[in-house]
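**Q** Each chain is listed here by its residues.
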Amino acid sequence: DAGVIQSPRHEVTEMGQEVTLRCKPISGHDYLFWYRQTMMRGLELLIYFNNNVPIDDSGMPEDRFSAKMPNASFSTLKIQPSEPRDSAVYFCASSLNYQGNYGYTFGSGTRLTVV
Amino acid sequence: GQQLNQSPQSMFIQEGEDVSMNCTSSSIFNTWLWYKQDPGEGPVLLIALYKAGELTSNGRLTAQFGITRKDSFLNISASIPSDVGIYFCAGQSLGGSQGNLIFGKGTKLSVKP
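Residue numbers (this note's numbering), protein chains in the order written: chain A, 1 to 115; chain B, 1 to 113.
If you're looking for bench data, these hints aren't it; they were derived computationally from the structure. Check each hint, because a few of them may be wrong.
Partial pick of chain B residues on the chain A-facing surface, computed with a CB cut under 8 Å [stated by the list, open to error]: (1) F12; (2) I13; (3) G42; (4) A48; (5) G85; (6) K105; (7) P113.
DMTMM-like mimics (lysine to aspartate or glutamate), calculated; alpha carbons at most 20 Å apart, straight line [to be verified]: (8) A/K24 / B/E41; (9) A/K68 / A/E14; (10) B/K105 / A/E44; (11) B/K108 / A/E44.
Owing to the predicted nature of the structure, the values given are computational and were not obtained by experimental measurement. All C-beta atoms, glycine included, are put in the ideal place defined by N, C-alpha and C.
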């Protein structure tokens, strides 16, 4: 299995531009998570999906952030308009809906820089 | 909200030394997980613990689920340079859904050859 695949690995954009981050979870995993990592705040859960349905988006910073999961093999996180404070590493993770197994498999992340 | 206190924040050790780090919680957890993050990569699961008192090893790594269910520790024996990275604890509270996995702030480990 190729694991969780994220693209792009690096993104540099100007303030005000729209940014779209992409994620392909591991086939067969029922849960998908979007995290943001910064030095100050560590790993923050933004939103997660179960069977393609958003379950909890309380971690999404504000209306500029949106996430979709149109099918079991693809999810996007969009920031519009982007701001310098959005600069961070964004991780996607997926897991099996298996009682007793709560390990998440993370992608390699997208490093976003907004200038 | 729930928080995990992970300590120490960073460690600088000599190759061959043993390492110990821990996490404490203000509430009871039913699952403790330990992850390692290499530079430029996502966290990778090292050890998962599901029962109070459980002691689990993975090579040179040993982790324990505290009896009180509010803490966990990770030990690394005979450290080597490739142990360098950030180690995260993560926990899930009783009755929590899959999305309630809470991460500590991490322990940054540096190993001097």
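**Q** Quick check on B/I13 please, does its C-beta sit within 8 Å of some C-beta on chain A?
**A** 22 Å, violated
**Q** Under the criterion of a CB-CB separation shorter than 8 Å, is B/K105 in contact with chain A as hinted?
**A** 4 Å, holds
**Q** Going straight from one Cα to the other, do A/K68 and A/E14 come out at no more than 20 Å?
**A** Status violated; Cα separation ~23 Å.
**Q** Is the shortest C-beta separation between B/G85 and chain A less than 8 Å?
**A** 13 Å, violated
**Q** Given the hinted pair A/K24 and B/E41, is their Cα-Cα distance within 20 Å?
**A** Holds: A/K24 and B/E41 sit about 16 Å apart, inside 20 Å.
**Q** Under the criterion of a CB-CB separation shorter than 8 Å, is B/F12 in contact with chain A as hinted?
**A** 18 Å, violated
**Q** Using 8 Å as the Cβ threshold, decide whether B/A48 counts as touching chain A.
**A** 6 Å, holds
**Q** Is B/K108 within 20 Å of A/E44, Cα to Cα?
**A** Distance ~18 Å between B/K108 and A/E44 Cα, so the pair holds.
**Q** Against chain A, is B/G42 within 8 Å by beta-carbon distance?
**A** 3 Å, holds
**Q** Given the hint that B/K105 pairs with A/E44, does the C-alpha gap stay at or below 20 Å?
**A** 10 Å, holds
**Q** Grab the minimum C-beta distance from B/P113 to chain A and call the hint holds if it beats 8 Å, violated otherwise.
**A** This hint is violated: B/P113 lies away from chain A, its Cβ roughly 26 Å from the closest one there, beyond 8 Å.
Consistency note: the structure conflicts with the earlier hints numbered 1, 2, 5, 7, 9.
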